[in-house]
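> Sequence:
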Amino acid sequence: MRFPLRLKFFVFAALLAVAPLALVGQNLTRLTRDELKSAANEDLTTVATELRGAFDNTFQGRWLTPLMVIRNGIDSNELGVPQKVSLLTLGLEELPQVVALQLSVQGSDLPILVTNEGFAAKLAGAGLDPVRTLATPPDLIKAIGATGQFGRPVISRLEETGDWIATLALPLTTTIAGRQVTMAAKIDLSVLGEMVRRHPFSQRGEISVVDQAGRSVLGGASELLSDRQIVASAMPLIVAGARADALEPYVRPGGTAMLGAYAFPDWFPWAVITELSEESAYAVVNAITRQILIVGLAGFVIASLGALIFARQLTRPILKIGLVAERVGEGDFAARVEGVRVRDEIGDLAERFNRMIGELGERLELMKFVSRGTVSAIQSSHEDGMHRGGERRRVSVIFTDIRGYTEFSERVPPEVVIEALNSYFDVQSDIVEKYGGDIDKFVGDALVAVFEGEAMEERAVTCSVEITDAMARLLEEYPEYNLHVGIGVASGEVVMGAMGAKSRMDFTVLGSTVNLSARLCSKAAPGQVLIDEATRDASARLEGIGFESLEPIPLKGYAAPVPAFAPHRV
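Read in order, the letters of the sequence shown correspond to residues 1 to 570 in our numbering.
What the hints contain is simulated information worked out from the structure, not anything from laboratory work.
Check before you lean on any hint, since a few could be wrong.
[Claimed, not checked] Derived pair list, reagent style BS3-like, types lysine-lysine, alpha-carbon separation capped at 27 Å:
#1 LYS556 to LYS523
#2 LYS441 to LYS556
#3 LYS523 to LYS441
In this text the structure is predicted, and so the values were computed from the model without any measurement.
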């Protein structure tokens, strides 16, 4: 949120007036306890978030991840049915809260089921059939698969024992007789209930875990809590699958004012709700607030009037500087700070700011005349400036040359020539920058670009083909120009660095690779791209582009004809 400078001066002056009064005697002690309100809210939010994280970490770390490891082992084609059953049994022994593991074959009502003996005995003692109770029916597995909820728990409660059970299914990739196989697991969630009951916050507040119907879960009995406003607020968020943790004060039906917070576990369709009565949370806050208001009111009013007047005088020139800075940020380097006549630090700032704008404008214009490589070299140079010399680098070099330019320049006015050249170079430059190339220079109607780094040959070839496509579209737009482009591409080592006189240098690339690119460009037909063998080999797998092998081309300065290739779209 924006905090204006005038408001800062206002608040600062008000605090200067109020603070000395507030620091007197008993008020100083009470003022330090003003944090109780935010502390109570933070405590509620922290506990809810903490339990949310504990639920998710327990499910994913202690149950889901090990179960996926077991599933992956069972999914191995190298294991037979006995070994897979043994793996289920061993997995059950290592995961105490997992009370049943089974393998279900699609279309079969006879799953392979392994159960926890202790939990099965508990069910039998309650008069339940452990096999029937702990088996996951095919209809449930089918429903989980239909909704794509593999790995997510389906929660149910055993009324006879009060236990909360999570059922989840994990599909296997292997099949039996061509039928889908699914591993299902049932997990005893009592450990989550213990987390809630043993949490220290339970000694002074209330922690509830509710489902989308507003009923409490993980307790012995399921209680309907939807009459509480905070539960009603959380219910639609559970249904919507939202995860917007929040803090909410409310009043219970009995009239008790409460503070509450809720958080939503990622792996369970629940809300964790923490509650604390306002009476116990804010007992001291109201008294503190009254004392502070009474003691500080007079000083606050006086300080506010003085702060507003002073802030207006002080911030007016600063606001002018801010407006000019905004215009400069939008590219207006003609903007200047005007009307600041104060002879102090702010006046000096306005003068320096105007001088800086002028220098920035000059620098921006100069940068348009040099390549990115030149700018990078200058920025990385030492304090004593640039030195002549170069280093070897492997690059791909593109030469483009406009065909028909000489005839065009002789039959149209110079202004049209410049306009046409700029249009063609604008399009070519955008494409070069799109593929990560750096424009080294413009030579008459020719453009020289350098590509470095990963996949530089592929980027150079794709860039060249796209330039020919773009030039063809320009020809359709301006058929009277009758201008075409020939392109040469070569890859290899070059010398890159600053060259020239001490007082006038140029940062460029030199070497046989540059010469080869220029020679190939001179031999390229209008609308054609010619590349050397090194570039073709490095970009041979480029999708959407084919390479036509041409007869070796005699080139100036080369004893033997040079292999050449013409890339084109396929």
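> None of the hints should be skipped; say for each whether it holds.
We went through each hint and held it up to the structure:
| no. | hint | result |
| --- | --- | --- |
| 1 | LYS556 to LYS523 | holds (10 Å) |
| 2 | LYS441 to LYS556 | holds (22 Å) |
| 3 | LYS523 to LYS441 | holds (20 Å) |
Every hint, counting from the list given before, is met by this structure.
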